[in-house]
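Taking the hints into account, I'd like the entire structure generated from these sequences.
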Amino acid sequence: MTAATPPARVGPGRATWVWRRWGVALRFERRSVLVCGTLAAVVALLGVLALGTGSLRLSPAEVLSALFDPDADPRARLVVVTWRLPRLLFAVVCGAALAVSGAIFQSLTKNPLGSPDVIGFASGSYAGASVVMLLLGSADYLAVASGSLTGGTVTALLVYALAHRHGVRPFRLIIVGIAVGAFLSSLTSMLLLSVSPQQAMLVATWGAGSLNGLGFEQLRVAAVVLVVLLICAATVVRPLVQLEMGDDTAVALGVNARRARFAGTLVGVALTALVTAAVGPIAFVALAAPQIARRLTRGATTLRIAPAALTGAAVLVTADFIAQRVDLPVGVVTVCVGGVYLAWLLVRQYRGGRR
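Its first residue numbered 227, the sequence shown is counted upward by one per residue in my numbering.
Hints listed in this document are in silico derivations from the structure and should not be mistaken for laboratory results. Keep in mind that a hint or two might mislead.
Stated by the list, open to error - Have a look at the derived ranges for each label pair, beta carbon to beta carbon:
hint, residue 1, residue 2, range
1, 464, 420, 38 to 48 angstroms
2, 412, 297, 51 to 61 angstroms
3, 474, 449, 36 to 46 angstroms
4, 309, 431, 18 to 28 angstroms
5, 442, 263, 19 to 29 angstroms
6, 279, 449, 21 to 31 angstroms
7, 296, 383, 48 to 58 angstroms
8, 422, 471, 45 to 55 angstroms
9, 478, 416, 42 to 52 angstroms
10, 442, 299, 17 to 27 angstroms
11, 488, 299, 46 to 56 angstroms
Glycine included, C-beta positions come from ideal geometry on N, C-alpha and C.
The following block contains the structure:
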């Protein structure tokens with residue numbers, strides 16, 4: 227049974243669409259739906275342009291023909307479908323994972339600076355993956371992913387333990403996370419200096435964050451893990467949003483604050499570890515994408531899974547398109563652009579604090 231419901235106004239002028247079927251009613255904010263649709267179109271457009279970029283340049287029409295026409299030029303289908311499409315899909319997967327991870331940690335810390343690459347969790351994942359590759363001598367995806375997840379989780383527990391003093395305050399958590407992240411980065415550098423130049427070069431190249439050389443075999447694993455983690459993230463959204471109103475209010479609403487924070491931290495670290503294991507550390511996407519999504523949707527919180535994920539995908543696909551044009555790893559491009567964004571954000575925070 228389906229009932230069409232015209233857009234309704236909920237709260238201060240926020241129009242929504244309501245979908246009813248089989249006894250289930252779902253409500254969607256109209257602006258969020260339009261933003262998600264626009265972001266999906268941007269990702270698709272940039273994807274077509276990216277698939278045509280390289281030593282063999284193809285027009286958008288040739289790219290679409292190679293994707294959807296089985297009788298298209300075999301050389302174009304080989305280049306587009308076999309070589310370039312996995313890279314594009316990896317950019318979408320990794321961008322979405324980083325953005326949702328950043329949204330979770332920014333909600334936990336109640337601060338736009340609270341992304342995993344700023345508060346040290348990404349450094350922990352990088353350190354864990356480096357230990358697996360250098361000390362254990364394994365470059366297997368599952369082994370690196372396990373090391374990345376273990377490193378990120380241990381780092382998160384360490385940061386929370388050091389920041390805990392009559393409760394965990396967001397500002398203290400960020401400061402402690404920055405310090406722990408710097409310490410882990412130094413340890414990783416020491417580890418690179420203690421091995422052979424060949425091993426160090428391999429890990430350093432991977433540490434720059436690159437989407438090169440990835441195929442459908444790795445993509446299938448990453449996509450399945452991302453879907454599972456997004457489902458887990460959806461289950462922690464409501465309690466984390468209620469925690470943004472304060473622990474006392476959240477507890478009064480029936481939220482177990484410690485359990486919600488632990489679950490959110492675990493999911494956020496796992497999303498970061500997923501990206502780190504696959505392509506290496508990619509900075510600043512987790513920092514910028516949730517804030518961009520929040521401004522686009524004009525929401526009260528960054529913790530909106532679909533807009534954040536699509537914004538992250540659009541940001542990383544754009545960065546990778548630029549990286550292909552200038553022949554640099556995508557991680558270098560995100561650092562260059564993200565550094566400017568971080569400086570602007572710090573200035574904005576400082577001016578807001580003075581007022």
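Verification of the supplied hints:
no. : hint                          : result
1   : 464 / 420: 38 to 48 angstroms : holds (46 angstroms)
2   : 412 / 297: 51 to 61 angstroms : holds (56 angstroms)
3   : 474 / 449: 36 to 46 angstroms : holds (40 angstroms)
4   : 309 / 431: 18 to 28 angstroms : holds (19 angstroms)
5   : 442 / 263: 19 to 29 angstroms : holds (27 angstroms)
6   : 279 / 449: 21 to 31 angstroms : holds (23 angstroms)
7   : 296 / 383: 48 to 58 angstroms : holds (51 angstroms)
8   : 422 / 471: 45 to 55 angstroms : holds (53 angstroms)
9   : 478 / 416: 42 to 52 angstroms : holds (48 angstroms)
10  : 442 / 299: 17 to 27 angstroms : holds (21 angstroms)
11  : 488 / 299: 46 to 56 angstroms : holds (53 angstroms)
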